[in-house]
Structures are given as C-alpha cells and as structure tokens.
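Trainee: Below, each chain spelled out in residue letters.
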Amino acid sequence: MSRVLVGVKRVIDYAVKIRVKPDHSGVVTDGVKHSMNPFCEIAVEEAVKLKEKKFIKEVVAVSCGPTQVTETIRTALAMGCDRGIHVEVSGKDYEAMGPLQISKIFAALAKKEEASLVILGKQAIDDDCNQTGQMTAALLDWPQGTFASEVTIDGEKVKVVREIDGGLETIKISMPAVLTADLRLNTPRYATLPNIMKAKKKKIANMKPADLGVDEPPTRLAGVKVETVDDLVAKLKANGTI
Amino acid sequence: MLLGKVSLTPALCTALRISPAFSGIQKQIGAAATQNARLYASSQAAEAVLDKQAVGTTTATKAATAKKAQSVESQSFAVNMFKGQINPSQVFPFPSVMNEEQTQFLQELVPPVSKFFEEVNDPAKNDSLEKVEDSTMESLKEMGAFGLQVPQDLGGVGLTNTQYARLVEIVGQHDLGVGITLGAHQSIGFKGILLVGSPAQKEKYLPKLATASGSDAASIKTLATLSPCGKHYILNGGKIWISNGGLAEIFTVFAKMPMMDEKTGQMKDKITAFIVERSFGGVTHGPPEKKMGIKASNTAEVYFENVPVPIENVLGEVGGGFKVAMAILNNGRFGMAAALSGTMKGVITQAVDHAANRVQFGSKIHTYGAIQEKLARMTMLQYVTESMAYMISGNMDSGSKDYHIEAAISKIFASEAAWEVTDECIQVMGGMGFMKGSGVERVMRDLRIFRIFEGTNDILRLFVALNGFQDAGKHLKSLQKALKNPLGNAGLLAGEITKRAKRTAGLSTGLTLQGSVHPELSHSGNLAVKAIEHFGVTVEDMLLKYGKNILHEQFVLKRVADSAIDLYAMVVVLSRASRSLSQGHASAQHEKILCETWCIEAYDRIMKNVKDLKSSSTTQVFKNMKAISAAVVENGGIVAPHPLGF
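Protein sequences, first through last, are from chains E and U. In this text, residue positions in the first sequence follow the UniProt record's numbering: the first is 1, and each later residue adds one. In this text, residue positions in the second sequence follow the UniProt record's numbering: the first is 1, and each later residue adds one.
Source of the hints: derived by calculation from the structure; they are not laboratory data. Misleading hints may appear alongside valid ones.
Stated by the list, open to error - Label pairs and their computed distance ranges (CB to CB): (1) D604/U to K21/E: 39 to 45 Å; (2) S582/U to A138/E: 52 to 58 Å; (3) E101/U to V27/E: 27 to 33 Å; (4) C129/E to G437/U: 47 to 53 Å; (5) G230/U to K203/E: 51 to 57 Å; (6) K21/E to V537/U: 53 to 59 Å; (7) G437/U to G166/E: 58 to 64 Å; (8) K21/E to R605/U: 26 to 32 Å; (9) D604/U to K198/E: 50 to 56 Å; (10) E58/E to G515/U: 56 to 62 Å.
Said to hold, decoys possible - Far from chain E, some chain U residues (derived; all Cβ distances over 10 Å): (11) Q152; (12) A376; (13) H534.
No experiment lies behind these values; they were computed from the predicted model shown. C-beta: ideal position from N, C-alpha, C; glycine also.
With the rest of the complex left out, here is chain U (with noise of 0.2 Å):
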C-alpha cells in the first residue's frame, strides 16, 4: 500500500488505527524532523539517538539528563539484552500474579464465556452479515463483556490484565471479528479514559461505556483550535478505517494544536487527546467498509465537521495526546497476542483431529513426517505465543511500567505465529480447509489484519530495533564518557575491558541463567546465553558502525528486531518450561521438548543473523535491494523484459 507522500501528517496515529503503511517512512522521518511533527515510534528513537528527549521507556530521563550515564536501570528484560545483559527479574520466574480470590473468579467466568461463545455466537453467520448479529450484540453487552477492565464500582467487571488475558483467549479462539468489536471498543477506545482520565471523566463516561454504547480512537488528520469564548475547542477533520466507527457513541480523538513551545519560543503543533461524544454534533461517518476480513467488526471513515468540545474533555494533557496514544497502545497490546493464542488452539485442534483420522496411502496421515512437522511447528509458536501473553500481562499486573518492547514483540510474533499456524492447519486440511464449512479459511482472513493494524509489524520492528539501540547507545555513550577521565571511572571501565577481552579470547564473561533456568533445560538456557552475548555485541558493533545514521538502515534494523524477537522467545519458553518442571507438571516432559527444540532453531536464527550483520556479501545484498527497488519504482512496475520478447 504505497501512500501519496501528501497530506497525511506524521502518522502517529497509524500506530491506533489500521495504517495506510508505512513505505515512505524514511521520507517521513525526514520530513517529520523538518516539520516538527512528532512520529511515532521511528522518530522517538531517531530523536533519542540525536539525545534529545526519549519518550519510550520510563526509565528515559528528561533531555537535559539524557546525557548522563542512565541512573535508573530498567528491569525489563528486553531492554538490557540489547546491551548484552541478562537482567532476569522480569522474566523469571513465570509470573503467576493472581491471588486466590482472583484466580477463583477467573475460573468461574471462564465456562459461562466459553458457553456462549461455542453455542450462541455464530461466526460463520457475523462474518456473512457483515456484522455481529444484533440478539448476539444484546448478549454480550448484559454478559457484560464491553467493559471488562472498568473498574466494579463503574459498573464493569474489573479485571486484572490477566484475567482479562484469559477471557479475550476464548474470544480469540471462536470468533476474530467479534473480538474485534470488543477490543477496539475497550483496549483502545476508552481505554484512554481507563489510563489517564480525571475521577470526573471516569465517573462520567465509564459507566456508560462499560454496557457498550461503542468507542473507538480517530486521530491526527484533525485540527483542534480553542474557541473564542475559550470553554471549547473546535475540531474539524476525519480519519479512515476506525473500528466501530459507523456505532460508536464516544471517541477517543487526537488532533493537532498549535502550541507555543516554551524551549525555542516557535509554534509548534502538538497532539492533544480528546473525549469527544457523537452528541456534541457535527460527527458523521461514512458506509462500512468492505474488508477480506474480520467482517463482523464495523469499519469506518469518521468526520468531525466543527464539532463542540467542551475544555473539561481534555484527556490527559494539553499537548500530551502522544503520551496518551502511547499509554493505550502499550496497554493494550498484550491482549491480541492472548487472543490469537486462543485462535491457534483452535485451529490447532481441527487441524490434529483431520490428521488424527484421515487416511491416506495405507495410513493415518499423522504418521507421517511431512504432517508431524507441521503439527510439531504449530504447537511450538501456540506455545510460544500464549507464554509472551502471559508473561507480559503478569508483568503489567505486578506493576511493571517497562514493557513496551516485550509488548511490541509479543504483537509482532503472535500476528506472524496465527498466520502460519492457521495456514498450515489449511494444509494438513487439504481440500476440506479450503472449504467454507470448516471454518479455518474464514479465520486466515480474519487474521490478515492483525498484521497491519495497531502498529504494522514492519513498523513495530523499527520500534523494538531502535527503542533497544536508544538505551544501549545511550550505554555506550556513558562509556565514552567515563573514557575521557578514566581514573575516575577506573571501575566501570575496567570491569568493560575485561568483558570484552573475554568476548574477544571466546571466553565467557560470566553472564549465565544458572539458578533461574530448571537444571533439566540447562542446555538450552545456555544456548540463550550465548545469543544474548553475541547479540549485544552486535548491537554495539551497528552502533558504532552507523551512530545516529542507524536510524536510516532499515535493512539492518530488521534483523537486528528479528533476533530480538527471537531471543525473547527462547527465554520466555525457558521460564515457563523451567516451571512447570519445577511444579512437576504431568505435561513438563512435553513441554521440554517443545523448549528444547524452539530454543535450537532460535539460536540458529540469530545466528545467521548476527552473521549477516558482519557480512560484506549481505550488505552488498541490502545494497541491490535497493536498486532493484528504485528501478521497479522508477518504471512503474516490472523492468525486466518479457521472455517472449513481447
């Protein structure tokens, strides 16, 4: 989807909504510095890396601090890996963050959900309406599923991160669409008031979008100016592509204001975050939509022509609407990959009872090796996936504020992980998956999405490259620092020294997983190891390589996300593994093996990619791509001649 480089401002909000994606982001990054605009993710990093204010991590301190060696440590896992570090006190050991009372809650919502799902919502019926049917509709919102994380005395159901986790699997698992309307309605669309919204905003529109009057988040294209009376702010603009956006009542809405920056005197243009009711007048929007997938979910253009805000309806900040679009999207990112954990165990079930039954040449087609693999990968990604989605939400739960990357990278891998699960329960399913009546070939349209929207996957490995580079450059440049006076940093630099003297001799330099991993998967936790140490350094060689011009190698920023991802992976299997030995599961055995064998194809990956990073073949690779691009480009599509001649 290639965008006219026209009138779409900086999309930050591409990251809320499906995004018209991202192909001239790097025309836009520079457009961005120019303009001032704020972009999503890239151009955080970007400014990071230029020491300029970070917003990523709460660990990120103020600009003019920035400069100092990082004081606060973030816990989160991922960050320290990019600099070469094990910090495990997120990721070990599994979290298991409910209480009694909460753990015995969950277990009595779960049959009733998973009732409903399997005998009244009907799938196959939502997806050829085109939408969710209304008697379903009903049901839900007095099952009470439209406010699942507003707080009981706002009348929702109040749920912890995890809880939630566990209920949006059993959506995920039966019907994509219907969870579609259920998560853009409260993981992004009142989500806002959920996060940072005033007691008074809270008690006001809480309530009301706990029983579903139907939200979603519009943004960017619109301008927001304060009236003359000064009690109101004046929006006019629109947005394409909002979920919900032909139904809901209440939007959470970004726009632009200009605004005075206190730093350089100029005006500038910042974001500002808005509860805006369709009541107030002046909200329309366009026909649904027609879309390969999740049809039952309502999609559509929404215009906001002079529309009346009053001041009270500021959310958050003035100016800080791209805080609050970050808080959201953070918050919620978690649950896709629960659900799609859910919808992978779903297919998975249909596609081992296909080939648990179906016989061909002579026998039960699970015998033989082609279908075992399959089945084999398919159970390795579930179970990868639904240990990111709980890990994170327990993390979120025991309070933790640095996750963002993990978030990232939980998105990136469950979207990937559904689509080739599912496509291959169509294969094992032959003919039969292909078929309408099954069931899968309706899922794989419904999870194309999940690829592009809420930050497309291309985007978000921009956003876990360079977040991870923001810090462990910001490492670095501590080091050079202390080098400028090494009798007073005799100790930082010494202990640097000798770790790279033993990275250099091939030695370990002591980082290990010992005590944290089960003895039984002390291979693979050293695997993991050793990955990490390669990928630190290789994070710090690109650094040092490129500096600031990271921000424009795309090619290698790719990869670098890539074995991030990875590695997240490896160690979170590990942890889960490690547990459930410890607890002397019936299944730890299994799920041994499944760690086992996930973490020796990962660090392959990684591998190969730490090794493509030092190449001069690949960069010679990157480099063609490149041409071959601008010439396809340049001539409007294919270049090379017909074979024929004609």
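Same shape as in the complex, but just chain E (with noise of 0.2 Å):
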C-alpha cells in the first residue's frame, strides 16, 4: 500500500456573493477570492490521517486548471501531502473543461503514478457535477466508495460508510479504488504557518494532459433550441441520435 492520489479543485470561496458578468458569459472571477474546494479538503485530511496511521507512505496532491491552482496544491502540501503534479490547462480549454477530460487525467495519473486510492472531493461547489469520482473509477475499471462518511482500511480491502437518500449503507471493497469525501468524514485540519513554510520546499511537477494521452476538450458546440417535441424529435433523428 504505497501512494494516495488526492484530487484539489481551486473554486470561488464559497462565502463569496457570485456576481454575473455584464455580458452573461459567465460569474466574475477576476480579483474574487478563490480557495480550495471544501469536500477536497475534507479528501485531503482523509489522505493525510491515513498516511499518518501509516496504512499509506504518499500523497499527491493533484490539480487542473491554469497557474493559479498552484495555490491550491501548496495548501493541500501546507496540509501534509507529499508532492504535488499540476496539470496545466488555461483559457478557453480550461472553460471547456468538464468532469471527463477531468477523470480522463486522474486515470491516466492513477495507472502511472501506481496509486492504490484515488480520493476526490464528491462534487465542486460551484458546478455541483458530482460526477468525476464515479467517472474515474468507470474508466479505470476500479471499484468506487462514494459519499464517504467514513473510511477504514481492512487489510486489502477498505470498508466504506456512504450517505445515501435511505440513510448509511455500508459497503467493503477491494483496492485500488475511488473515495469520494462526503461532508461528514472528517473536520480538515488548518494550515500552521510551520507547514506552511516546510510545504514550501515540497515538490510541484509539471505537465500537460497531452503528457498523459489525454485528447485536448473539444471545444463545446452551441445548442439549438427548438420550438415543439416533434421538432425535437425529427433533429434528433436526423443526426443519428435516434
């Protein structure tokens, strides 16, 4: 049981009031205060204890997006990760950018880095997509823990408490698998101004989706509103949908 891979989304800080930009492209971003995404702190303090009951000797801390997320990975190495990789995208890709170009590049790290566990936040505040965990383990043919209230490792097999619409539902799987952090696993720690400092000299690599084989987003195509259901019908039969 060597390495943990824990996935970090920099987000709009969530006491933020979100304003719409003039032109409705989009939320205004430029100078608001981002920080990391709460259920991602909640996977890095799951990471963490477990390297600290020595079930796990590493975790990497892992970010999308463009340079800014750096911030994001130093305050999950503030937190105790080990190293971290940031995975370039800006622009207009890192707009474009979705949870399956997302779990596309938490696989391709998985396999490379030999990871036994990936564990993610359950969803980003701020799209709420709650998808890339589940998507993650599909692609990697993995089994999945999600919604985590609690976590324990049993030899090769981890036992997961998940929070489901029915209550608690208790599940074992094997490893490797995908955790993703529901609100009640775990009080993240803070960041002491020492771990701060020590993360500083923590490692951050570098590199591009291409570098793991993973396609650039497609660029979204607009949709097309139409005015009745059989309209809607017939376009979807014209282009092969149905």
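Each chain sits in its own coordinate frame; assemble them with the hints.
Mentor: Here's what the structure looks like:
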C-alpha cells in the first residue's frame, strides 16, 4: 500500500457573493477570492490521516487548471501532502473542461503513479457535477466508494460507510479504488504557519494533458432551441441519435 | 490619572508599558535634569536643545560634534518637513518592498490566519472569560503566531516587517485582546533579544519564545547591583501593569544601576536591560487586573526579589538600556497602525452593512447626508492609517533606521482614528451598536488603551514636536554660526536669504512635489507643499521666540505635533493614491477622491494651527487655561459655586 492520489479543485470561495458578468457569459472570477473546494479539503484530510496512521506512504495532491491552481496545491501540501502535480490547462480549454476530461486525466495519473487509492471530493461547489469520482472509477474499472462518511482500511480491502438517500450504507471494496468524500467524513485541519513554510520545499511537478495521452477537451458546440416536441424528435432522428 | 510625584522614578518605561499618565511631566523634566536620570523622549529633546548628546535620530551626532552643522542628511520626511524642506526619498513612490517569493509566501499565509480568526477564535468568549481560551491559545502556538518575526532557523516564521504588518492586520480586525497578547510577547517582550541580543542569547531564548513561553518588558522601579562574586546581578523591585505578567516565563527587564560617569567622575544612575527567567527564582506576580477592555490579555504586577541574573543575560551594553528600550519601542510601533487599520476595516464593514439595509423615514439610511459624511470620514481615516502602516513597514524593510518620528505619528494617528471610527460605527448602527451582540462595543472598550499605552499620545506628541525642533534647531544653530563668518559661508547664507525673501513676498520658494505626485493630484500636492512651507516657517518662529524654553510650552508643542501629523498624513495618501493612479487600479479614482478630500481638510487644520500659533489671542487662551487648571487643582475640584447656590 503505497500511494494515494488526491484531487483538489480551486473554486470561488464559498463565502463570496457570486456576481454574473455584465455580458452574461459567466460569473465574475477576476479579483474574486478563491480557495480549495471544501469537499476536496475533506479528501486531503482523509488522505493525510491515512498516512499518519501508516496505512499509506505517500500522498500526492493533483490539480488541473491554470497557474493559479498551484496555490491550491500548496495548501494541500501545507496540510500534509508530500508532493503535488499541476496539470496545466488554461484559457478557453479550462473553461470548456468538465468532469469527463478531468477523470481521464486522473485515470491516466492513477495508473502512472501506481496509486492504491484515488480520493476526491464528492462534488465541486461551483458546478455541483458529482461526476468526476464515478467517471474516474469507470475509466479505470476500479471499485468506487462514493459519499463516504467513514473510511477504514482492512487489509487489502476498504470499508466505506456511505451517506445515501435512505440513510447509511456500508460496503467493502477491494483496492485499488476510488473514494469520494462527503461532509461528515472528517474536519479538515488548519494549515499552520510552520507547515506552510515546510510546504514551500515540497515539489510540484508540471505537466500537460497531452503528456498523459489525454486529448484537449472538445470545444463545446452550441445547442439549438426548437419550438415543439415533434421538432425535437425530428432533429434527434436527423443526427442519428435515435 | 494624576500621579503622586513620589517615588516613581522617571518614567522611562512608562513608554514601555501602560504608563501612569504624565500629568506631572514638567515637574518631572525639571526633576529629571537635577536627578540626572533620563526621561523618555522629552528629556532627550530637552538635552538636545541644550546641546547635549542626542539619542533620537541616527543622524544625530555625538555631543561634541553636535555643534557642527549637520553633516549627515536625514532621509526621514518628517525630520525634513520641520525644516520646511522636502525629502521625498522615503515617501515617494509608495514603497513596494517584497520580492516575488515574499509576496507569494505572504499570500499563502493570509487565508489560514484569516480562517482561524473567523472560525476558531471567539472574541466574545475571550472577553467574558477575561482570558484567551486555552484551546485557542494552543492553536495559536501551533500555528506559529508567537514567533512571527523570529528567524526561521531559530524556529520562527521569519517574517519581514511588511509581512508581519499584514498578518497583524488580520488579528486586529478580529480580536484586539489576542492581538495584545501576541504583540506584547513579540513586539515588546522579546524584541530586545531579536534586535540587540548576542548570538548566544538569540540561540538560547528565541526558539523557546517562538513557540510562546510568554514574555514582557518590566522596568525602572527595579534596581540592579552586581553580586560580590561578580557573576550575577541581583534584581530588586517591580512594575505594575505588565501584559502577560501572569503568564510570562521570560522577561526583558530594565533596571537602574549606579555607574561611574567617565565625563563627570560622578556616580550616575544608568539603565541596563536584562533577560530574566522566572526560573531564576524571586520572580512573583500579582492577580490579573480587571480592565475596561482587552480583557483577554493578562495584565499583572510583577515583583523581583533578590533575583539572581547571570551577567551573560545583559542585553546590549551595560548602562545602554535606554537605547535598547527606544529601539524596541520604535521597532514595534508600526504593528499598532497595521492592527488598527484592520480593526477599522472590520467595523466599517459592519457600519456599511447596517447603513445599506436599515430603512428609516422611508429610505435606506445611507442615502442621508449625515450618514454619508460619517461613512466617508471613517473610510478616509482607515485609508490614511493603512497607508501609514505600510509606508513605515516598507521603509523599515528597505533598511531605513530613521523612522521614529513617523512611527510615533502613526501610533498617535492610528489609535485616535480607530477610536473615532468605532465610535461613529456605533452611532451609525444606533441601538444595535450599543448591544453586546454586535460586538462593536467590545471593540470600543478594547481600543481605549491604545491611546494610553506604548507611550501616551500626549507624550508622543511632545516627542514628535521636540524631535522635530531638535533638528530644526540644529539647522538654525548652524545658520547662526554661518552668520559669524558670512564670507566663508556666502553660498549657504545667500540661499537662505533668498528663500526667506521669497517667503515674505509670498512667492513660492521652489519647493515642489512635481514629479513625485501623479499629475491628477497636483492640486493636492500643491496644498501639501504650501503647508510644509508654512509649517517650516512656524517651527522656526517658535524656536526663535522661545529658544530652549520651547520644552515647556506644551500648548505650542501639541499644535505643532498635530500639524506634523496632518502633514505626514497628507503626504502618505498622496503617495499611495499616486501609485494607484500610475498603476491604473480599478479603485484609483475612488482613492483620488479620498486623497483630495483628506488633503483639503488637513490643509485647513494645519493653516489654522499655524495661524493660532502666531495669534496673541491664542496665547491669551493658553494663559487662561493654565489659570483655570491651577484653580481647580488648588480647589481639589470645580471652583465655581453651584448655580443654585448650594
């Protein structure tokens, strides 16, 4: 049991009042306070805890995005991760990126780094997709323990207590596996100033999606509005979807 | 707070801690001169004006050479403005002293510290418990908050002054009680070791102190004598009102020692600084004092009874304690302005939030002029304070040693501005402001001490004025000397004569801030220049009128100091707003308005002070006030009989 990959996403801070851009093309991000997605913080905390309990040897923090995401990786390092990987994606590509591309990147990295676990937050607070963890597991064909509120390593297996609509469900899955963290999994620690200083010495590797064999995300095509359901059916038949 | 003129030996260290206020200062200055003891600031300037050795500025030369014209030009803006001159090197452009690594590091530190104070620290709890919650204290220690400026290789965070200011701002915004606990520890308690400690002392104590074993400064009623074996000093005495007094393990103690004065051959009491550990034995403390504010901070009397202090624990030179004290105080002052600018930011946010939502008489109250004026004034005061804090920390980080007048100005300004801003915030919030729940009343109570400790604002005003006079006086003296040999000093004299002729004729003497100030602010820049010219003339006039006795003219000194503060404030905002305009910040136009408005009002205040100092009716007012004060003192209270006759 050696390595855990933790994904961290840089999002607009939860306390900020979101404002829509005047041209309605999106949300104002310039000059707005950003921080690590709260569920990613919980994921990092869990990974660091596992390392402190000596179940794993190394925690690697990964983030995809422009240069600013290195701040988020550094926070993860200050919380106790050993090293970081910054997968560089910027500008239009970054805006077009979604869970599918991210999970392809994570899947490639998990294989490359020979990770035993990939721990992610259950969803990001900006897009609330709740897809990346599941897609990553599918691409890798690994078992998944999502909405985890309790994680216990038991030999070669992981016991996961999941928060589901009906209550709690306990499953046992073999490693390697993908887990996604839910709110009550743990309370993330505060990065102390000495730890932030130590984190400066930890390494962050730089790479591009292409290096991992992942294509650039396709540019998102515009949609079309139709007037009636019949029109919709006709269009779907025309482009071969049905 | 009237002090019995009894045994409290010259309150050198009133400056160091909450001072029993200085209402007897004139008597004490006289006493000081005869007792040969050194009084903080006032006697410094007094002695300087009397042509003795000056300690204040680093450009001040030793006693013997003080008679020569000042050979080393001070780079301090404040020092020069007293001479009616402009030295822009430390104020324009607004300092930007952090390199990329330092900036990035600081950016990483701000969020966790903010988060901690927003989510973990509970200021209301700390206030009602009258101590910092234990769990919070532990977390602060782990976080490294107690050793922010200790070098990294000794276990601290190794922050520069600017970085420290930025973090202290966050603390100030949330909890001043914690701020004082931290500040008393590192800005005062062990700063001495940081500044003048020997390598051995630093290595021995700094790592411990960085993880917070508590420290503070105590002084002056304490006597030190060398033990017979010559290996120890024995300390006896005590001091009231020591922050962290009940908690500290390590103290910086200033004690008097009789020493042989080489010049006069007489025994003189000199002050020496010591590092004293509670574990040396004989150190006790009293119960925590009950205070109006900063209740979370522990304040107690500390007593020293035959405490043996190894001679290796002398801090700095034997007999050089005064210098150590001055260095510590000057060095820590900028922290206050930074913290208070954070406090103001916090209360302004609350006031604005209230004003933007509260409806009265059918409209949101922020639409009313009365509220608008309050919010605007609060904003300007915060802007000036913040600008001062970071200008000074920037100057210090650039290696300047000549900032003590500016630091004193920033302390006076910040403490009074914060009080005014918080008071107005409560007013804007109305009844809500008065209620414990909103937290502003606690901030108000916490703030009151800031005008008192670390040198009361009254003393600091004297310090600013007298220090300024000292340099201006030297300049005048050098002119007087030059006049004795006019041919040999033709150039210098010609310049001065021309300058004065122009002034009398109302022409500009060529002083300008053009090139430093952004063109859009040139009008305000001109106001500043005019103010400096008038100020310089006034300073000279006062010196010529009163000579050495200026020392005793506290009514005059206060007005001179107020003008100096306003002037420095004008220049500081001109610098900051100019930078914003040059850099094309989104907020540049807003800052321009802040700057212009401030300058207009400050100019008016300075001009009024200048006018008052020349007017005979004001002199009469001073005389009257003296008489009123004498009468009530003699009567032990109000003199005029009750209007009802009984």
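Trainee: Now tell me, hint by hint, if it's right for this structure.
Mentor: Outcome of the hint check:
no. : hint                         : result
1   : D604/U to K21/E: 39 to 45 Å  : holds (44 Å)
2   : S582/U to A138/E: 52 to 58 Å : holds (54 Å)
3   : E101/U to V27/E: 27 to 33 Å  : holds (32 Å)
4   : C129/E to G437/U: 47 to 53 Å : violated (40 Å)
5   : G230/U to K203/E: 51 to 57 Å : holds (55 Å)
6   : K21/E to V537/U: 53 to 59 Å  : holds (55 Å)
7   : G437/U to G166/E: 58 to 64 Å : violated (41 Å)
8   : K21/E to R605/U: 26 to 32 Å  : violated (44 Å)
9   : D604/U to K198/E: 50 to 56 Å : holds (54 Å)
10  : E58/E to G515/U: 56 to 62 Å  : holds (57 Å)
11  : Q152                         : violated (7 Å)
12  : A376                         : holds (23 Å)
13  : H534                         : holds (42 Å)
When held up to the earlier numbered hints, the structure conflicts with 4, 7, 8 and 11 and fits the remainder.
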